[in-house]
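Engineer: Those protein sequence lines, which keep their order, are chains A and B.
According to the numbering used here, the first sequence is numbered sequentially starting from 80.
According to the numbering used here, the second sequence is numbered sequentially starting from 80.
Be careful, since some hints might not be right.
For identical chains, the list gives no copy identity; a pair is met inside one copy or between any two copies.
In the PhoX-like style, the derived pairs of lysine-lysine whose C-alpha atoms are separated by at most 20 Å in a straight line are [claimed, not checked]:
(1) 449 with 460
(2) 332 with 203
(3) 161 with 286
(4) 163 with 320
(5) 203 with 106
For the record, the hints were derived by calculation from the structure and aren't laboratory data.
There are 2 protein chains.
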Amino acid sequence: MADKKFVEQITSMEEDFTKWYTDVCLKAELVSYSNVAGCVIFRPYGYALWEAIRAEFDRRFKETGHQNVYMPMFIPESLLQKEKDHIEGFAPEVAWVTHGGTEELTERMCVRPTSETLFCDHYKNIVHSWRDLPQLLNQWCSVVRWEKTTRPFLRTREFLWQEGHTLHATAEEAVEETERMLNIYADVCENVLAMPVIKGKKTDKEKFAGAEATYTIEAMMHDGKALQSGTSHYFGDGFAKAFDITFTDKNNKLSTPFETSWGVSTRLIGGLIMTHGDDSGLVLPPRMAPTQIVVIPIAAHKGGVIEKANELAESLKAAGLRVAVDASDNSPGWKFAEYEMKGYPMRIEIGPRDIENGTFVAVARDNREKTILPIEGSAGKVKELLDAIHDRLYKKALENRERHTHTAHTFEEIREFAKENCFIRTAWCGDEACEDRLKEEVGVTSRCMPFGEAPVDDVCPVCGKKSVTTIFWGKAY
Amino acid sequence: MADKKFVEQITSMEEDFTKWYTDVCLKAELVSYSNVAGCVIFRPYGYALWEAIRAEFDRRFKETGHQNVYMPMFIPESLLQKEKDHIEGFAPEVAWVTHGGTEELTERMCVRPTSETLFCDHYKNIVHSWRDLPQLLNQWCSVVRWEKTTRPFLRTREFLWQEGHTLHATAEEAVEETERMLNIYADVCENVLAMPVIKGKKTDKEKFAGAEATYTIEAMMHDGKALQSGTSHYFGDGFAKAFDITFTDKNNKLSTPFETSWGVSTRLIGGLIMTHGDDSGLVLPPRMAPTQIVVIPIAAHKGGVIEKANELAESLKAAGLRVAVDASDNSPGWKFAEYEMKGYPMRIEIGPRDIENGTFVAVARDNREKTILPIEGSAGKVKELLDAIHDRLYKKALENRERHTHTAHTFEEIREFAKENCFIRTAWCGDEACEDRLKEEVGVTSRCMPFGEAPVDDVCPVCGKKSVTTIFWGKAY
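Generate the whole structure from the sequences, applying the supplied hints.
Structural biologist: Structure, rendered in structure tokens:
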């Protein structure tokens, strides 16, 4: 059978999760490797996933008053150097342009790894008075970081993302913005991508180069490893001072504004794959799937089957669903495997016998459950089935996370739990030495200090000093 | 008056068209200069214009079966060199990346000036059989060409564009595609952007580096200069051979496929400005304007005025129009000038007396014509007024082109007409020597050999040899 053969091409998740992941990326035709070291090609289906994710965020950004801009992709070296922590963090991993045409540049420029410096330089020019604040800007673009290893969506030298950059009259407003955007990230992850996330704050060691505080959403992948899925940074007035940005406030006093930045990237596609996928391939959450339903005519050569399949598809489209019909001459078995690989949330089978009965069969991608529905007037029921798929995907991911989250009270317990990929919840003294020790001796890094969690212990399990926070540890992508 | 002061900041078109253009770009807040030499910042309104234009094209590309992808932004030097004419055309104007982090690269890479070489490399990997054809791919991205001069939208080192790249089993199909995309370009320019264009073929001298034929749409700006507004290239099998792309055809024979590429860019924004703008600023065609109508409450402090303005705006939005309300405490005069500068196609004035009469005043941006309409049920009429604006803008641009298009029969006539910016229509022998002579002695370049124009003369006015085509000459941006 054609479908059998096709599916056999994927490594099983349990056997080799890394290989399974790469197999899905390639066989579902999300990416292709290129001859440009460290970069991948986003193929049509992979790019369509990004377009779908982008649309969800872009709408929310605009609803909260943000506007899109486009900054140059180059940053002159002197501009990158203006904020000390920032250049230290990024200099080792940028690509340098040294020549334009046949001429050597008088000052080399890097390809943007992130654009704080460009936005600051721009803000310096356009912000003068309190009337010019807040500035709520965002850009969709690609950035470059010279990574040594390559994994599609997770780690590539060039990747696609959005970077929001805002400027505020007060620290309070800037902190509020940082939190607002983190909440938008969490909303899209949970309610659109069906990926449960833990919201929290990064430790000083793990925060963004130049930030005063970095907030993060952390998701757990199927294999128990963490994926940092989006970050939101509060800069205080550090960048503004370094770039000499000032404004005249309402009392006619010269003040320094406060800044934020926040970003999500094509990593989220990697997150989708590793959260929901299975041994048949990709499983897409219905609210973001570019195509939610594929209609497959059975015994399509029989008179009227294709027509009825098209009619059904049109009626579902009219109800706002994203539907395709595959009336090609490939076998139904081949098609089933193909659309399972591509993770379409639902397939509809409709053949002569169904048509005789006035029904069709809806098959959910995630659990293969079949539902027989009447051809007429089932759009509402189909939507319910799609919502149920979303809920199951979310629940399954949450259960996976809960099953792989442990609370540890001693160093030995941490070491024991860390033998498998998981989140380890502990108390923490806030000292970087304990963080370093856990990294070196146990191989886990701090994921975040979660918001609103009850204290685990009074003392740090690593050093025994007074605890100041609850923290999650884990191994991360 | 506030509006007077504001408008005085723009240079008049007749006085200095170049300065007028830059003034509009800056005062309408479309762009800002950056500290990155040769690059500009697309500010929110400038980027919104690009988003609007992009949406129009993207929809048409998808309707004709094209899919979006994303290729790496870097091209290794050896890849760029594979097609000889191509590297000769682009090598002098690319930016070279030589270092990644602290390490020198073993092979330098350029930032893409265009991506034919990357697509070919990809096609070689994914095309094997006739079943894999056609490939109809497109990408939206930025490209870099190391220009010496900078003019916002028209000539910058980095600019935004789309590049379509397609691969076909036969030459006929590829030629058809080249023409199809040129027609889509012309459709959007004329029916959305209200910019009349001349469709034609470029001479060998002016065609794209590596192309067998380049088709173009040429628009005339208000000052009589030409703007090449979009190009569509037929490559034959040249690139495919250089990259060793082959496929097994239906007869199981190894064949070489045929290729096209086509692109439009943020130049079109420059085209919009220079086609429709006037001494009060930008004039946007209503079908692409991000905001079509701004509602301005008059005597807004009076009870009920702002409420009624909002109500009216909501009812127009409900009819599918893009509407904003400016209820800020700036004076109406300031607002009138502001939205004229930004080119909003229509403003609506509504004050206490209007409300008493159950009416509002619609003012067209292009000719300032006022129309009094009833508050209830005028959405249809407003749409008609917007369509009329589109038609007037198109007609005005067409008349400008016709007024500045001359047919010449002798070299002297060409020289005489070329004293002013215009299109000069002549016969041509097809010899590059005549083209070179006109460039050197008269200062005009060939714009295109128009499709479907009657022959002008039997002989070339430059050399007296037999004519093979009609051709347009002009000065171009």
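Engineer: Each hint needs a verdict: does it hold in this structure or not?
Structural biologist: Hint by hint, here is what the structure shows:
Proximity of residue 449 to residue 460 under the C-alpha cut-off of 20 Å is restricted to the intra-copy arrangement: shortest distance 13 Å within a copy versus 51 Å between copies. Within a single copy, residue 332 and residue 203 get their C-alpha atoms as close as 17 Å, which meets the 20 Å cut-off; across copies the closest is 63 Å, which misses it. Taking the shortest Cα distances, residue 161 and residue 286 sit within 20 Å of each other inside one copy (19 Å), while across copies they are farther apart (44 Å). In this assembly of identical chains, residue 163 and residue 320 lie within 20 Å of each other by CA distance solely inside one copy; the values are 12 Å within and 51 Å between copies.
With identical chains, the CA atoms of residue 203 and residue 106 are at most 20 Å apart between copies only, with a shortest distance of 17 Å across copies and 48 Å within one.
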